[in-house]
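Read off the chains here:
2 protein chains.
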Amino acid sequence: MNKICIIGVGLIGGSFALGLKKAGKVHNIIGYSRSENNLKMAVELGVIDSYSTDIGQALSGVDMVLIATPVNSFQSVLEMIKPHIDENVIISDVGSTKGSVIAMAKAVFGIMPSRFIPAHPIAGKEKSGVEAADATLFKGKRVILTPTENTDTQALITVSDLWESIGARVEVLDDKIHDDLLAMTSHLPHMLAFSLMDYLINSDASALNYAAGGFKDFSRIASSDASMWRDICINNADEIVKHIEGFQRNLSQISDLIKGAQAQEIESLFVNAKTARDNWLNE
Amino acid sequence: MNKICIIGVGLIGGSFALGLKKAGKVHNIIGYSRSENNLKMAVELGVIDSYSTDIGQALSGVDMVLIATPVNSFQSVLEMIKPHIDENVIISDVGSTKGSVIAMAKAVFGIMPSRFIPAHPIAGKEKSGVEAADATLFKGKRVILTPTENTDTQALITVSDLWESIGARVEVLDDKIHDDLLAMTSHLPHMLAFSLMDYLINSDASALNYAAGGFKDFSRIASSDASMWRDICINNADEIVKHIEGFQRNLSQISDLIKGAQAQEIESLFVNAKTARDNWLNE
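Protein chains in written order, with the UniProt record's numbering: chain A, 1 to 283; chain B, 1 to 283.
Hint data in this document are derived by calculation from the structure and do not stem from the laboratory.
Hints may be right or wrong, so weigh each one.
A pair counts as met if it fits within one copy or between any two copies, since identical chains are not told apart.
Below, computed lysine-lysine pairings styled on BS3-like, alpha-carbon distance capped at 25 Å [claimed, not checked]: (1) K125 / K82; (2) K106 / K259; (3) K21 / K139; (4) K106 / K216; (5) K176 / K259; (6) K125 / K106; (7) K242 / K125; (8) K125 / K139; (9) K22 / K141; (10) K40 / K259; (11) K127 / K22; (12) K242 / K139; (13) K176 / K25; (14) K21 / K106; (15) K216 / K176; (16) K127 / K216; (17) K21 / K125; (18) K125 / K216; (19) K242 / K216; (20) K216 / K21; (21) K25 / K242; (22) K139 / K25; (23) K106 / K22; (24) K259 / K25; (25) K127 / K3.
All of these numbers come straight from a predicted model, not from anything done at the bench.
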């Protein structure tokens, strides 16, 4: 591939660029963002080859554009790039929710562009920003692609190859299935961690003085970026609410077992939970 | 102190013994448990000086007995030691719940013995057993003592000094307050982690294939010992149920904010949660 434009050169966009440069898959990676300082740093760090704060310049002659900005900015980013790309340019993203990204693309382009490949790399770091960019961030990590009925197969293969070239395990899923699975394994746990912290603050903040190591690990995801998680809630609301309600039914059953002092049922539930997690870890 | 008997020489009992020996606070530490192999290993590891599987021998001439067996065994352990100790012997424990321990002591002795000092060291490891015993396990960790109205002050000070000699930060609390605080910061998070795993298994176990690092940390406490947590649920049922219900109300509010797409309220809740956790970490 000759030229890729990365819009939003942070941890994810920067790590993608750095990985591709290390893998020698792309001749020229140009960055675009609103912050020129960030772009300058990205060039100094060798994450991108060059940058422009003019979207027309940034996109001239590109084979592909990767949108790596917060999900809530997608629609305005798509509006911005639309006049500067033709139907041969591959568009992809790294958003945590996929149904909403497809909806925004349809809203902007009228139909889902056949060369728009929605993607979600399931990887991250506690640190953010281009300074934290890491060519190996996606090594062994899953990247979910959610093509639509009119997706161009060649574009799908091209994007898949790029991710695999930097060590990712690419998987293709329906966008609704992706959003459902991620609501269960990522969005729901984040809601539980945020909610527990909120509950403790509002009940008795001094209780935190008695919290230990288990609490520290459990609550770590409550230290995630608030605006990013706000956007995920807005963009995957139905699935998140569905799984919060499903979880609440499960938790109520546990509460009832405790009320009823049903020791055996409680223990077998805990054993099954522990076994499932231990098996998952050993996979 | 001349002689201490540790009943149940596992991670906690063993680490207490090892710490006291390193600190040179006790001349003779004898272990008692049902498993002679475990006791032999404890002697080989230098955790205890000697052992007996005869409770009368184990307790002869002791100044103090520490009960470090699972909470559900307390009543039978107290029945077992009762004939072999006089009112000068200090009794203490390391149970995760304190109200139930006091209730069991009252049931066995008629009244709460004045030299029974209920204690809960808030420390642990993922590993268990005497092999994992560590003289520094309690260094800088909180140990909560929950004396009752008729506690002997000298006995309280003696037990406090022992814990402080191995680096623990001793704090005195009412047993009901202890059980309430621990239900919030330890028991509730464990219920949430067990419940999330149970919910995922029952909804779609394959979802775990898409779980990442955040989920791993969040769910770590779901790999805790199931029988120990069964006992905690039985022994602190009222407080745990109370906080599960309080948490459910908080989570429902978050669910409503998401349903209502109340982005600003969602973000400020997440910001407050993140801030509270980050401040707690930096304390």
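For each hint, the structure was consulted:
1. Taking the shortest Cα distances, K125 and K82 never come within 25 Å of each other, neither inside one copy (31 Å) nor across copies (55 Å).
2. Taking the closest pair of Cα atoms, K106 and K259 come within 25 Å of each other only across two copies (23 Å); inside a single copy the shortest separation is 51 Å, beyond that limit.
3. In this assembly of identical chains, K21 and K139 lie within 25 Å of each other by CA distance solely inside one copy; the values are 15 Å within and 48 Å between copies.
4. For the identical chains of this complex, K106 and K216 are neighbours neither inside a copy (42 Å) nor across copies (35 Å), given an alpha-carbon limit of 25 Å.
5. Taking identical chains as interchangeable, the C-alpha atoms of K176 and K259 lie at most 25 Å apart only when they sit on different chains, with a minimum of 18 Å there against 38 Å within one chain.
6. Neither within a single protomer nor between protomers do K125 and K106 lie at most 25 Å apart by alpha-carbon distance, with minima of 31 Å and 52 Å respectively.
7. In this homomeric assembly, K242 and K125 never come within 25 Å of each other (Cα to Cα): the closest approach is 27 Å inside a single copy and 35 Å across copies.
8. For the homomeric pair K125 and K139, the shortest alpha-carbon distance inside one copy (13 Å) is at most 25 Å, but the shortest distance between copies (30 Å) is not.
9. Taking identical chains as interchangeable, the C-alpha atoms of K22 and K141 lie at most 25 Å apart only when both belong to the same chain, with a minimum of 17 Å there against 46 Å between chains.
10. Within a single copy, K40 and K259 get their C-alpha atoms no closer than 60 Å, and across copies no closer than 41 Å, so neither meets the 25 Å cut-off.
11. With identical chains, the CA atoms of K127 and K22 are at most 25 Å apart within one copy only, with a shortest distance of 21 Å there and 40 Å across copies.
12. In this assembly of identical chains, K242 and K139 lie within 25 Å of each other by CA distance neither inside one copy nor across copies; the values are 32 Å within and 44 Å between.
13. For the identical chains of this complex, K176 and K25 are neighbours neither inside a copy (31 Å) nor across copies (64 Å), given an alpha-carbon limit of 25 Å.
14. In this assembly of identical chains, K21 and K106 lie within 25 Å of each other by CA distance neither inside one copy nor across copies; the values are 31 Å within and 71 Å between.
15. In this homomeric assembly, K216 and K176 come within 25 Å of each other (Cα to Cα) only across copies, at 24 Å, whereas the closest approach inside a single copy is 33 Å.
16. With identical chains, the CA atoms of K127 and K216 are at most 25 Å apart both within one copy (17 Å) and between copies (17 Å).
17. In the homo-oligomer, the alpha carbons of K21 and K125 lie at most 25 Å apart inside one protomer (20 Å), although the nearest pairing across protomers, at 43 Å, exceeds that limit.
18. In this homomeric assembly, K125 and K216 come within 25 Å of each other (Cα to Cα) both inside a single copy, at 17 Å, and across copies, at 13 Å.
19. For the identical chains of this complex, K242 and K216 are inter-copy neighbours only, at 22 Å across copies versus 27 Å inside a copy, given an alpha-carbon limit of 25 Å.
20. Proximity of K216 to K21 under the C-alpha cut-off of 25 Å is found in neither arrangement, the shortest distances being 37 Å within a copy and 31 Å between copies.
21. Taking the shortest alpha-carbon separations for K25 and K242, neither the intra-copy value of 41 Å nor the inter-copy value of 57 Å comes in at or below 25 Å.
22. In this homomeric assembly, K139 and K25 come within 25 Å of each other (Cα to Cα) only inside a single copy, at 16 Å, whereas the closest approach across copies is 52 Å.
23. Taking the shortest alpha-carbon separations for K106 and K22, neither the intra-copy value of 34 Å nor the inter-copy value of 70 Å comes in at or below 25 Å.
24. With identical chains, the CA atoms of K259 and K25 are never at most 25 Å apart, being 60 Å at best within one copy and 43 Å at best between copies.
25. In this assembly of identical chains, the alpha carbons of K127 and K3 never lie at most 25 Å apart, being 28 Å within a copy and 52 Å across copies at closest.
Hints 1, 4, 6, 7, 10, 12, 13, 14, 20, 21, 23, 24 and 25 from the list above are not met by this structure, while the remaining hints are.
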